[in-house]
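Residue numbers (the numbering used here), protein chains in the order written: chain A, 38 to 331; chain B, 38 to 331.
Calculated directly from the structure, the hints in this document are not laboratory data. These numbers were taken from a predicted model, which means no experiment stands behind them. Just to be clear, a hint being listed does not mean it is correct.
Note: identical chains are not told apart, hence a pair may lie in one copy or across any two.
As the list claims (entries may be wrong) - Heads up, simulated SDA-like pairs for lysine to any residue below, C-alpha to C-alpha not over 25 Å straight-line:
| hint | residue 1 | residue 2 |
| --- | --- | --- |
| 1 | 141 | 290 |
| 2 | 141 | 129 |
| 3 | 68 | 206 |
| 4 | 98 | 44 |
| 5 | 68 | 234 |
| 6 | 136 | 315 |
| 7 | 136 | 126 |
| 8 | 68 | 179 |
| 9 | 68 | 282 |
| 10 | 295 | 145 |
| 11 | 282 | 170 |
| 12 | 136 | 146 |
| 13 | 203 | 72 |
| 14 | 68 | 201 |
| 15 | 203 | 144 |
| 16 | 68 | 212 |
| 17 | 141 | 306 |
| 18 | 295 | 277 |
| 19 | 282 | 127 |
| 20 | 141 | 127 |
2 protein chains.
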Amino acid sequence: MTIQLNEFLESRKQRIEEAMPEYIEQLHAPKTLKEAMNYSLAAGGKRIRPILVLALLHTYKQPEDAGIATACAVEMLHTYSLIHDDLPAMDNDDLRRGKPTNHKVFGEAMAILAGDGLLTQSFSLIVNDTHPSAENKIRVVSELVQAAGAEGMVGGQVADMEGEAKSLTLDELQYIHENKTAKLLGFSIISGAILAGAPEEDVEKLRQYAYHLGIAFQIRDDILDIEGNQETIGKPVGSDTTNEKTTYPSILTMQGAKAKLNDHIDYAKAALNSISVPSGLLVQICDMIAERDH
Amino acid sequence: MTIQLNEFLESRKQRIEEAMPEYIEQLHAPKTLKEAMNYSLAAGGKRIRPILVLALLHTYKQPEDAGIATACAVEMLHTYSLIHDDLPAMDNDDLRRGKPTNHKVFGEAMAILAGDGLLTQSFSLIVNDTHPSAENKIRVVSELVQAAGAEGMVGGQVADMEGEAKSLTLDELQYIHENKTAKLLGFSIISGAILAGAPEEDVEKLRQYAYHLGIAFQIRDDILDIEGNQETIGKPVGSDTTNEKTTYPSILTMQGAKAKLNDHIDYAKAALNSISVPSGLLVQICDMIAERDH
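Same shape as in the complex, but just chain A:
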């Protein structure tokens, strides 16, 4: 029986949004710190990263309970990166998803520390999870540092910052997005596969799926910045153009960017073709990412 995509997305989003504040609530930590951590966790978003973890467990017909901690961990890690990105020294954003950014509410010092706390907490959730074996927890943490640290998201953020003032080549743009965005989305998929006990051959194919899905996600983002509806995407349209940011459409033309998006979606689906279980849900997620309007 195929599950309806929207039903899956909605119900899992809800589950994640219920679980996250519980992890924070349990902490023996100063009240303001917990409030600051919770504030940004509660600020909404598609929750695509944690949902992907659960989608992998669902695909391998494993209890999704085994993925809740890791799902919350990746969302906490993503949230820390948004808090630090929004800081005055970085993007200096006052609003995120229509709400004041963390440092606007709690001050810069607390925002830095809330980010540091969420980053550290994400590792805590994984290692203190009762479901996986020690070996699998080590694999998951190892995948997370690879995706999130200097060789992943943090490195991508630095490259993005250093590339801001200049016109980038397609390779440079690709490096930024692969590291800044695709690797963490990839982590969701790989960690879900590991926790589901997927065969090693499948894990490697899912790495391909994850890579192409991640790049497709970013190309769609760039397209939406030009063609999107301001109210639907929740931020001003055309900001990349205003900021003279290099994007897929700016290098490839809009038509070229759309063609590249479709290529990556095709590659992602092709990678799913030969995994050992029916992958209907993962195919649907591909299509959703290619067509999303926010």
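Guided by the hints, dock chain B onto chain A, whose structure is given.
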């Protein structure tokens, strides 16, 4: 044969200082990011945290190789906390150990990211270490998040920040230092014991040792801020008084602070009395912390 304390401290400091840049060098990451991470790692300091990890392996007559990764990890984690503490939004310090702080050299955005990178990297070192079992790695990571996150150092930092403007009780001061300083020093000792395969009863006694050593370390710090020699400690004397910071001497008088320091040193040594191996080196470290002049 008892090893000379100074010889132990010097040789291990050197070993750590050689190993750390190698871990950074290997990273596939933007050059500036690696430079920023290395800059603060190379800025010197006593390296007391990593040395403690190795001291535990030495005490249990285990190869110290098994502790190098974790030793470097705790120093990277400590260094990230210094970089973030020094930021304009936090303590706004221009100098650290006589050298310009990270953000003074690389800018605020890069300093935030270098800190984020070092924090993430510290987990990488532990999980990718080839020496410990998966179970021991999990225990070590779990101890690290406990010591470093919202329930440890980050929480202590928040409490410190919130307490800056007001006069603190001894309990409040104790909470700050236990979390901000003692827990990470404690991590060094506990992780070293775990990696050395120390018996569980010893680990619990070493937790007591670590707690009292950590508090003693901080009391000594407060005393040095009043009685220390500016050139030896490498920062201006009397800054706590100028900043109206609550300290152990300001609550307990200098005589009271010294008595409390001695009490904690005595408790620390008492905890060592009943561990299953000779603890000469750990006793010497106690005395060094009680008597250090920088």
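Original post:
Between the shortest in-copy and the shortest cross-copy C-alpha distance, which are at most 25 Å for residue 68 and residue 179: within, between, both, or neither?
Top reply: So residue 68 and residue 179 pass the 25 Å test across copies only (22 Å; inside, 31 Å).
**OP:** Have a look at residue 68 and residue 206 and pick one of within, between, both or neither, based on CA distance no larger than 25 Å.
**Re:** between (46 Å within a copy, 18 Å between copies)
Subject >> Identical-chain pair category, residue 141 with residue 290, by Cα at 25 Å >> reply: Intra 37 Å, inter 40 Å, cutoff 25 Å: neither.
Original post:
When no copy is specified for residue 282 and residue 127, does a C-alpha distance of 25 Å or less occur within a copy, between copies, both, or neither?
Top reply: Classified as within; 15 Å inside a copy, 31 Å across copies.
Subject >> Copy assignment of residue 203 with residue 72, given that the CA separation must stay at most 25 Å >> reply: between (39 Å within a copy, 21 Å between copies)
Subject >> Status of residue 277 relative to residue 295 across identical chains (alpha carbons, at most 25 Å) >> reply: within (17 Å within a copy, 60 Å between copies)
**OP:** Pop the pair residue 68 and residue 201 into one bin, within, between, both or neither, using alpha-carbon distances up to 25 Å.
**Re:** Between copies only: 16 Å across, 37 Å inside.
Original post:
With identical chains treated as interchangeable, where does the CA-CA distance between residue 136 and residue 146 reach 25 Å or less: within a copy, between copies, both, or neither?
Top reply: This pair counts as both: shortest intra-copy Cα distance 19 Å, inter-copy 23 Å.
Subject >> Identical-chain pair category, residue 98 with residue 44, by Cα at 25 Å >> reply: So residue 98 and residue 44 pass the 25 Å test inside one copy only (17 Å; across, 58 Å).
Original post:
Checking residue 68 and residue 212: alpha-carbon separation at most 25 Å within a copy, between copies, both or neither?
Top reply: Classified as between; 14 Å across copies, 39 Å inside a copy.
Subject >> Same-copy or cross-copy closeness of residue 136 to residue 126 [CA-CA at most 25 Å] >> reply: Both, since 19 Å and 22 Å are each at most 25 Å.
**OP:** Can you give me the call for residue 295 and residue 145, within, between, both or neither, at a CA distance of at most 25 Å?
**Re:** Cα proximity of residue 295 and residue 145: none, with 39 Å in one copy and 37 Å across.
Figure legend: structure checked against the earlier numbered hints; hints not met, in rising order: 1, 5, 6, 10, 11 and 17.
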